[in-house]
Amino acid sequence: MSTLVIDKAGPTRKLGSMSRDRIWALRWSYFFLVLFAIFFLTPPVYMLITSLKSSAEISAATNPWWVFHPTLSNYVELLTSNQFLRFFWNSSIISIVVVIVTMLISIPAAFALARMKFWGSATLATGVFLTYLIPDSLLFIPLFKMLAVIQDFTGITLLNRWYVLVFIYPTLTVPFCTWIMIGYFASIPKELDEAAIIDGASWLQTLLRIFIPVALPGLIAATIFAFTVSWAQFLYPLVFTTSIDQLVLPVGITTTLIKGDVFNWGQIMTGALLGAAPPLVIYAFLMDYYIAGLTAGATKG
Amino acid sequence: MADVVVEQGRRARAASPRKKNASLRNVLGRKSSVAFFLTLPLILLIALLVLYPAFYSLYLATLNKAMTKFVGLGNFTFLFKRETFWMVVRQSCIFAITAVFFKALIGFIVAHFVHNIPGKKQRKWRGMLLVPWVIPPAMSTLAWLWLFDPSYSAFNYTLSFFGVGPIPWLGDTFWARFSVILVNVWYGAPFFLIMYLAALKSVPDQLYEAAAIDGANWWQKMWYVTLPMMRNIIAITTLFSLIVTFANFDIVRILTSGGPLDRTHLFATWAFQVGIQSNDIPLGACVSLFMVPILAVAAIFILRDVNKRGNEA
Chain A
1 MSTLVIDKAG PTRKLGSMSR DRIWALRWSY FFLVLFAIFF LTPPVYMLIT
51 SLKSSAEISA ATNPWWVFHP TLSNYVELLT SNQFLRFFWN SSIISIVVVI
101 VTMLISIPAA FALARMKFWG SATLATGVFL TYLIPDSLLF IPLFKMLAVI
151 QDFTGITLLN RWYVLVFIYP TLTVPFCTWI MIGYFASIPK ELDEAAIIDG
201 ASWLQTLLRI FIPVALPGLI AATIFAFTVS WAQFLYPLVF TTSIDQLVLP
251 VGITTTLIKG DVFNWGQIMT GALLGAAPPL VIYAFLMDYY IAGLTAGATK
301 G
Chain B
1 MADVVVEQGR RARAASPRKK NASLRNVLGR KSSVAFFLTL PLILLIALLV
51 LYPAFYSLYL ATLNKAMTKF VGLGNFTFLF KRETFWMVVR QSCIFAITAV
101 FFKALIGFIV AHFVHNIPGK KQRKWRGMLL VPWVIPPAMS TLAWLWLFDP
151 SYSAFNYTLS FFGVGPIPWL GDTFWARFSV ILVNVWYGAP FFLIMYLAAL
201 KSVPDQLYEA AAIDGANWWQ KMWYVTLPMM RNIIAITTLF SLIVTFANFD
251 IVRILTSGGP LDRTHLFATW AFQVGIQSND IPLGACVSLF MVPILAVAAI
301 FILRDVNKRG NEA
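Just so you know, the protein sequences line up as chains A and B, in that order.
With UniProt numbering, letter number 198 in the first sequence gets 198, and the count goes up by one each step, no holes.
With UniProt numbering, letter number 305 in the second sequence gets 305, and the count goes up by one each step, no holes.
Everything labelled a hint here was simulated from the structure, so no lab data went into it.
What you are looking at is a predicted structure, and each value in this text was computed from that prediction instead of being measured.
Possibly wrong hints are sitting among the right ones.
Said to hold, decoys possible - Here's a subset of chain A near chain B, in silico, CB distances under 7 Å, partners left out:
#, residue
1, SER29
2, VAL281
3, ILE291
Every residue, glycine too, gets a C-beta built ideally from N, C-alpha and C.
One chain only, chain A, in its complex shape (with noise of 0.2 Å):
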């Protein structure tokens, strides 16, 4: 069952009742976390460092890791370039889209899969599952050509364009958005459906008012999930956008900002950081949710 675990006490120990050897561990493992803290939080920390810095500050090598001269204009440049907030309009609009889309696919067909036993109900579930793990990288040539044999055919620009992606994206979320809602729901007692279905509730009702409200905190999560993965989807924009008022956030830094023999990485670093930004604010306050999405992805609900 996934229900969703938030464990914020954790072993409850008193401190004045501890042994010295515990206290030595509890010590070292300060120690090693602090030690793996920094291994984890370098890389970002470094590119706040860089995107505080002018190029002539980063071009005079000095300490990389200090700001002599901190300043603002990286962002002030981006955040007021056109071509930039195009990419992140795109990438904002993509991920919406997408997070509906998926979500209005996965919620009926995992109550489906979950409550109404049906023919071939558990090969489907499985097959949703096998499909979770079919990665992008085994499908971007054969939908490249797909998509190009469709554009000869009808006539409709499907290549270079973004919306082409709303479609291709929710093979990436809508197994697993599935898949864990299949397990939220699966959690939800049968006597409260059943209880909705003699009242004389359809099953649209059922659906509505008893099992989306019950499991909102799945529904949280897999919303989350949709989010962050359309959000960070690198390999799909690259192949099917090439013109540069298509591109979503990431490919549109990493080809439009390094290009050429100047590297300006306070530019590429800011980019880079506010490209971030979204899936870490997001993090930041649903942090629960986000980790009951993890954990209740890779377990059966």
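Since the structure of chain A is already known, use the hints to place chain B on it.
Leaving out everything else, chain B in the frame of chain A:
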């Protein structure tokens, strides 16, 4: 009571003149047809955008470069004769196995440290240590690229104080492979940390107390209590990570683009270079198809474990 009667009467009256509508509602109300309509979008999505492309890529792999002629297994035999292909196979295996091993090891160790400290502080530390997993990999890899920069590398600046000469992080075969694996470990270890931490918390304290009464030392507790209790999570997490790492694209693409001299190419990045950049779609499809056997084996094991877990619950 009276309300109910009135309500029923109204419903009966409303239903009788429209018999056709009622029978339609009957069909819609039947469980299996409702279920079918609810899962239809999912089935369509998987069939059209996952299954169809998967088989389409099998077909593509049998065409010549201009995609005009059927060449059978020609692309495959061509690949077998190329040295780069075997290099990519070896590099992918080295990359995936080494990276997953170190991710699992670091995740396991750090999970124990986090589990050791008082409950209230665990939340803060866990939140901090999970940050690499939250940042989109393309963005964080850019930070690593800058840390590895040949002339301004912050690592080399720091190492120079210890008398260690400038390391060619991305220029030399060994160091380029090392860097690529390091970044992957950095990105993936937090996932293991979270999974193992959840598993550690699910081990009942009584088991440790019983082991302590029986006189078990630290290693025995670890070997006979912790590891058996975590076995399932360890297996699933490792297999999961093996799939994701094996199919990795972002990190190698941004850090080295496969260089120096194709020495860091993985299946995904080489397929991209061959299929999209050099415009040989059949050969690219062929390269990426070589990922399937390993993915399939891992998937079968995951499925077995997941089902076993489901039966236990």
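Worksheet item: Measuring from the C-beta of A/ILE291 to each C-beta in chain B, is the shortest one below 7 Å?
Response: OK, holds: A/ILE291 within 7 Å of chain B, min 6 Å.
Item to complete: With chain B as the partner, please determine if A/VAL281 meets the hint condition of a C-beta pair closer than 7 Å.
Response: This interface hint is violated because 10 Å lies over the 7 Å limit.
Worksheet item: Would the hint on A/SER29 stand, with a C-beta cut-off of 7 Å toward chain B?
Response: holds (4 Å)
Hint 2 alone, counting from the list given before, is not met by this structure.
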